[in-house]
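Trainee: Here's the letter readout for the chains.
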Amino acid sequence: MYKILGTDQKEYGPVSADQLRQWIREGRANSQTLVQGPNSTEWKPLNSFPEVGDLLAPVASSVPGPAPGYVGSQPAADIPNYLWQSIVATVCCCLPLGIAAIVYAGQVNTKLALGDIPGAMRASRNARMWCWIAFGIGILVNSLYALYFLGRFAQGFSDAFQL
Amino acid sequence: MISGFQGRRILWWVAVIVAAAAGSVMLYFFAPAEYPFYPKCLFHLATGLSCPGCGSLRAAHSLLHGDFAAAFRFNPLPFVLFPITGLAWIIYRPASLTSIPPKWVWALLGVIIGFGVLRNLPVAPFTYLNP
Chain A
250 MYKILGTDQK EYGPVSADQL RQWIREGRAN SQTLVQGPNS TEWKPLNSFP
300 EVGDLLAPVA SSVPGPAPGY VGSQPAADIP NYLWQSIVAT VCCCLPLGIA
350 AIVYAGQVNT KLALGDIPGA MRASRNARMW CWIAFGIGIL VNSLYALYFL
400 GRFAQGFSDA FQL
Chain B
2 MISGFQGRRI LWWVAVIVAA AAGSVMLYFF APAEYPFYPK CLFHLATGLS
52 CPGCGSLRAA HSLLHGDFAA AFRFNPLPFV LFPITGLAWI IYRPASLTSI
102 PPKWVWALLG VIIGFGVLRN LPVAPFTYLN P
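Chains as they are written, first to last, in this note's numbering: chain A, 250 to 412; chain B, 2 to 132.
Everything hinted at is true.
Cut-off 25 Å, straight-line C-alpha distance, at most; resulting in silico cross-link-like pairs (SDA-like, lysine to any residue):
1. B:Lys-41 with A:Trp-381
2. A:Lys-293 with A:Asp-257
3. B:Lys-41 with A:Gly-400
Calculated from the structure, these hints are not laboratory results.
If we strip away everything but chain A, and leave its shape as in the complex, we get (with noise of 0.2 Å):
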């Protein structure tokens, strides 16, 4: 059974081996995508699976990339790092939390540079989901301080006209 990597950082799978052939037929797959194969937990582009070599030639010329929302390859550049929305996230909303977001954001660019893209993608989330974090605790405290002022302002209009 094999496992893919899709574009969206999914994993997809597992399925056999038809499953598989299915899928690169109609571009879904193709030679730079990563596979896991049977009885591996390493993530190797699909063009070191000899077993669906034959296939993978004229579907790597015929079909230049993946259509957008397809499971596939995806190019190192475009595994998004988060940086400036941690940027943002550590200025406006929370420091340390975005702290967290900015250093998952350098691993991204770190593990790309090292070649290990299974790991880029497991910073990319993460910086993904720290940025989530950080803007929805600046977002809470902040309702709250405003529901505090609001009771505050209602309670100096009450005394002012002695209500």
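Dock chain B against chain A, hints included.
Mentor: For chain B alone, kept in the frame of chain A given last:
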């Protein structure tokens, strides 16, 4: 013909521009130092210290009124970072933020944290960094 993806992208940019314009109008007429309804910095609320972004709204207000000196005094970080990163972007033209050499990302993190530390030091030149 505009596809769904392009349509969403355009909508997103329209939303960003409208929000930025609305925010600028509000910042122009209501000084953040005088009105309490602006978002608060959690780090400043929790610790009393200034984070690297503290003073940004006051700086934006000053900037909208053309007072560069006051804006720089409230938060000098964007005045230093924007020209440098902008220039680097024009010179190196990276394909995406992901293709920037890792050391530059770490340097950026170092500058942000370092600025955050320096502006909280209670000694003479650094106190000017504290809004």
